[in-house]
Amino acid sequence: MTLSLPPLVYRWDLDKTYLRTEFDRARDLVRTAFQKAHEKQSVPGAAALLQALGAHPRTARVDFISGSPEQLRKVLSEKLHLDGIRVDGFTLKPNLQNLLKGRFGAIRDQVGYKLPALLEARQSAPADAEEFCFGDDAEADAFIYRLYGDVVAGRFTPDQLRDIMLRAGAHKKGIERTVMLLGTVTTDRDPVRRIFIHLDRHSPTSRFDAYGARVVPIYNYFQAALVLFDDGILDAADVVRVALEMVRSNGYSIRRLANSFEDLLRRGCIGADMAARFEANASEAMKDVPGSEGILTEFRRRVRSAVTQRQPDSSTEEPLNYGAILDSGPLKFRLPGTH
Amino acid sequence: MVTVALDAMGGDKAPVAQVAGAAQISLDPQGAHVILVGDERRIAAELTKVRHDAERITIEHTPNFVPMDASPRHALDATPDASVAVCARLVHEGRAQAMVSAGNTGAVILACARHWERLEGVRRCALAAVIPTERRRGERQDPFSLMLDVGATLDASPEDLMAFAVMGSAYAARISRNPAPRVALLSNGTEANKGREEIVQAHQWLKVHPSLNFIGNVEGVDLPRGTADVIVTDGFTGNIVLKMLEGISETVLELGRYAYRQKFAWRAGMMLLSSGIKQLRELTDWQEYGGAPILGFDGVCIKAHGRSEERAMANATRVAAKAVRTNLVGAIKEGLARAREIKQPVQHPVVVEPALGGDA
Numbered sequence: 001m002t003l004s005l006p007p008l009v010y011r012w013d014l015d016k017t018y019l020r021t022e023f024d025r026a027r028d029l030v031r032t033a034f035q036k037a038h039e040k041q042s043v044p045g046a047a048a049l050l051q052a053l054g055a056h057p058r059t060a061r062v063d064f065i066s067g068s069p070e071q072l073r074k075v076l077s078e079k080l081h082l083d084g085i086r087v088d089g090f091t092l093k094p095n096l097q098n099l100l101k102g103r104f105g106a107i108r109d110q111v112g113y114k115l116p117a118l119l120e121a122r123q124s125a126p127a128d129a130e131e132f133c134f135g136d137d138a139e140a141d142a143f144i145y146r147l148y149g150d151v152v153a154g155r156f157t158p159d160q161l162r163d164i165m166l167r168a169g170a171h172k173k174g175i176e177r178t179v180m181l182l183g184t185v186t187t188d189r190d191p192v193r194r195i196f197i198h199l200d201r202h203s204p205t206s207r208f209d210a211y212g213a214r215v216v217p218i219y220n221y222f223q224a225a226l227v228l229f230d231d232g233i234l235d236a237a238d239v240v241r242v243a244l245e246m247v248r249s250n251g252y253s254i255r256r257l258a259n260s261f262e263d264l265l266r267r268g269c270i271g272a273d274m275a276a277r278f279e280a281n282a283s284e285a286m287k288d289v290p291g292s293e294g295i296l297t298e299f300r301r302r303v304r305s306a307v308t309q310r311q312p313d314s315s316t317e318e319p320l321n322y323g324a325i326l327d328s329g330p331l332k333f334r335l336p337g338t339h
Numbered sequence: 001m002v003t004v005a006l007d008a009m010g011g012d013k014a015p016v017a018q019v020a021g022a023a024q025i026s027l028d029p030q031g032a033h034v035i036l037v038g039d040e041r042r043i044a045a046e047l048t049k050v051r052h053d054a055e056r057i058t059i060e061h062t063p064n065f066v067p068m069d070a071s072p073r074h075a076l077d078a079t080p081d082a083s084v085a086v087c088a089r090l091v092h093e094g095r096a097q098a099m100v101s102a103g104n105t106g107a108v109i110l111a112c113a114r115h116w117e118r119l120e121g122v123r124r125c126a127l128a129a130v131i132p133t134e135r136r137r138g139e140r141q142d143p144f145s146l147m148l149d150v151g152a153t154l155d156a157s158p159e160d161l162m163a164f165a166v167m168g169s170a171y172a173a174r175i176s177r178n179p180a181p182r183v184a185l186l187s188n189g190t191e192a193n194k195g196r197e198e199i200v201q202a203h204q205w206l207k208v209h210p211s212l213n214f215i216g217n218v219e220g221v222d223l224p225r226g227t228a229d230v231i232v233t234d235g236f237t238g239n240i241v242l243k244m245l246e247g248i249s250e251t252v253l254e255l256g257r258y259a260y261r262q263k264f265a266w267r268a269g270m271m272l273l274s275s276g277i278k279q280l281r282e283l284t285d286w287q288e289y290g291g292a293p294i295l296g297f298d299g300v301c302i303k304a305h306g307r308s309e310e311r312a313m314a315n316a317t318r319v320a321a322k323a324v325r326t327n328l329v330g331a332i333k334e335g336l337a338r339a340r341e342i343k344q345p346v347q348h349p350v351v352v353e354p355a356l357g358g359d360a
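If you read the protein sequences in the order shown, they are chains E and Y.
Each residue of the first sequence is one higher than the one before, starting from 1 at the first, in the numbering used here.
Each residue of the second sequence is one higher than the one before, starting from 1 at the first, in the numbering used here.
A couple of the hints might just be wrong.
With the Cβ distance kept under 8 Å, some of the chain Y side facing chain E (calculated, not the full set) [what the hints assert, rightly or not]:
id : residue
1  : ALA44
2  : VAL50
3  : ALA54
4  : GLN262
5  : LYS263
6  : SER275
7  : ILE342
Keep in mind that the hints were calculated from the coordinates and are not lab data.
For each residue, glycine too, the CB sits at the ideal point set by N, CA and C.
Looking at chain E on its own, in the form it has when it is part of the complex (with noise of 0.2 Å):
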């Protein structure tokens, strides 16, 4: 049965997706350029999720996609290699070659890097492979991997794609770049399942409303491992596996992993026919973990009492006016009190 299934794909960022990375300050920004590979920190549940999805039968590629610097190569291999973490694709973004060449607008430009680098990337894809997208809330992840998907899914004319990258900012650099790959990659379909942002700013979750039901807003990697059992990827020890990371390496509580199981259901993320099948499905995965009764009998309160009303299935939902979210504001979130 497995093998008639389409082959996987992960697409990952790196800074605040995987990796715990403060670069709000100039002080963070240098710290980060000169740790070491060791000393980096992956976001909690990160690794034990990504080492479940590389391990998947199903799955064909996991790629990184990252805004970090070329120069940071050579670091952050070892430290995914460190994780033991699959890659089979890694590209990071040619910082120094746009400052030699002047090109200043592409150095902070999202939109026209990493959606080029998203269809160069599928180029190395089965065609029938579908994605699973990781990114985060602060830059424009959700906009580029929904974008992407609508450009696979061949929605656009390079004249619409033109525009839509102008408005959103992109370098005019990556827009040629993008409108050059159009016909390369195109398909009948949009390719992307799910799209998991990571709540690293803890942007208010209706934020991401407008970009439809397969957009889901994480605050942690709990969260995407229950969303990903539900989707029928990860079996019920693998999402033990990630919460066990987060509470043996990250200090979670198990009233902060019932609360973030309870908000998934509130959101509608997961409903309750799929709580009760990882009750059952995880009472065999934790039976030698030590107070498992404990937390089970907390998830099934949380089950019982959350209202819950689930979101319509992704697969329905209607291409994206992108038109309007540009038009709503700023792609980027901004924490109060910054510029």
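We have chain E already, so just place chain Y on it with the hints.
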């Protein structure tokens, strides 16, 4: 981390201000875990609009709440699962260590009385309020003194006044970090024999209490001066004093507005003073202080102002968490035990119903 049950449905701006306040606390590394109690759908809808950390917020669903203008007893009898009662129950069950509500004051006190035990030596609980003063106090140069009772009960016996003094002193020491708060009785003269019989008796006991910094009686004129850090009085007097101070403050502001409108020279003068007035307003901003504690129970309850907005709700929650972290209830118990050594109180009937229903 301290867990605070927050009544999401109590207050003029509920649940918007309550949810936003809890959201703010959830992002504070030194904050608290918050259980938002109320209508889950409404709370969840508000949460999606604000920055928050969902890992540190739980929702306890209940469809009922006590309206601001309802009779506390009737409302709680009719809806024992009203949000304010559920908050008190959560503390009683140990699922939360403190509660915060901006709802109907009488209902908050009654909910505490119905779910919590009164501390030994406390016959009546007290509602404490902060009043802005000229003098600063404590480590943080706090410009507020604490007055209690301001409306939980009408009258007070000497034993009640002594218990209020102990509770107010413990609160000021823990929350304002004032190691030896000056405690005074509100009377019509500073002499020890001035005032009603219960004040004179309380004065005698308070002056020999070993752990209180009792400075004697103060008069009304001493309140804004800040002569005392903790002012002890009965709920009837305290409520009148508090409302009068609020009225004076509003009148002064209105006079300022009047002067601004009337003459150009006055307007120019006001403009020159504007930064000072702004600073003064910030300094004495009740929203910064958060709320008033209800003291005398074996739990922590902060009653926020009915008009509280996000900042006031967040600050009330911070105060509640701080009261738990600094073991306020333990300190009160200790002070009460010492008070019992001074004088075995006369046995009065136990009073649990709030006397004043207004929003103190």
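*Checking against the hints above, which ones are violated?*
Hints 4, 5, 6 and 7 contradicted; others consistent.
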